[in-house]
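Undergrad: All chains, please: the whole structure from these sequences, using the hints.
Residue numbers 117 to 223, in our numbering, belong to the letters of the sequence shown in order.
Take the hints with a grain of salt, since some may be wrong.
Unchecked claim - Below, simulated DSS-like cross-link-like pairs (lysine-lysine); rule was C-alpha separation at most 30 angstroms, straight line:
no. : residue 1 : residue 2
1   : LYS215    : LYS129
2   : LYS210    : LYS118
3   : LYS131    : LYS210
4   : LYS215    : LYS131
5   : LYS118    : LYS129
What the hints assert, rightly or not - Have a look at the derived ranges for each label pair, beta carbon to beta carbon:
no. : residue 1 : residue 2 : range
6   : LYS210    : GLY148    : 33 to 39 angstroms
7   : GLU213    : ASN146    : 34 to 40 angstroms
8   : GLY170    : ASP127    : 29 to 35 angstroms
9   : GLU153    : LEU200    : 22 to 28 angstroms
10  : SER187    : SER121    : 19 to 25 angstroms
11  : THR218    : HIS151    : 31 to 37 angstroms
12  : GLU125    : ILE168    : 33 to 39 angstroms
13  : THR218    : ARG128    : 31 to 37 angstroms
14  : PRO143    : ASP122    : 19 to 25 angstroms
15  : TYR199    : GLU141    : 38 to 44 angstroms
16  : VAL222    : ASN146    : 48 to 54 angstroms
None of these hints come from the bench; they were simulated from the model. What you are looking at is a predicted structure, and each value in this text was computed from that prediction instead of being measured. A virtual CB, placed ideally from N, CA and C, is assigned to each residue, including glycine.
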Amino acid sequence: YKTLSDIPEHDRKYKCHTCHLIVEENPCPNCGETHLELMCPLDHCNCTHEVIAGIEYCPLCGQAVCPECGSHDVTQISRVTGYLQDVSGWNAGKQQELKDRTRYSVA
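TA: As structure tokens, then:
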């Protein structure tokens, strides 16, 4: 698939953030929630490590992923003026600026 919308309806899975389940139909059969997130097929939802440096982005859905295992269930933080902060509260322009940053390693 090139985008999430290319996934056939019968192959789609959804994340329900109300009952924290992965379901195959919308609305959620467990709680009836209708605002489900279409799950990226590259997401496996079982990241077991804690804070790590760096972040990558899924080539299919564009969401932040763990650079070690590929899990999409991550919270991205960045240091701004000396303070760590969750970037989910940033506006779209600032989030795109973060994605566009070039990372360098000094060896």
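Undergrad: What are the numbers of the hints that this structure violates, sorted from low to high?
TA: Those not satisfied: there are none.
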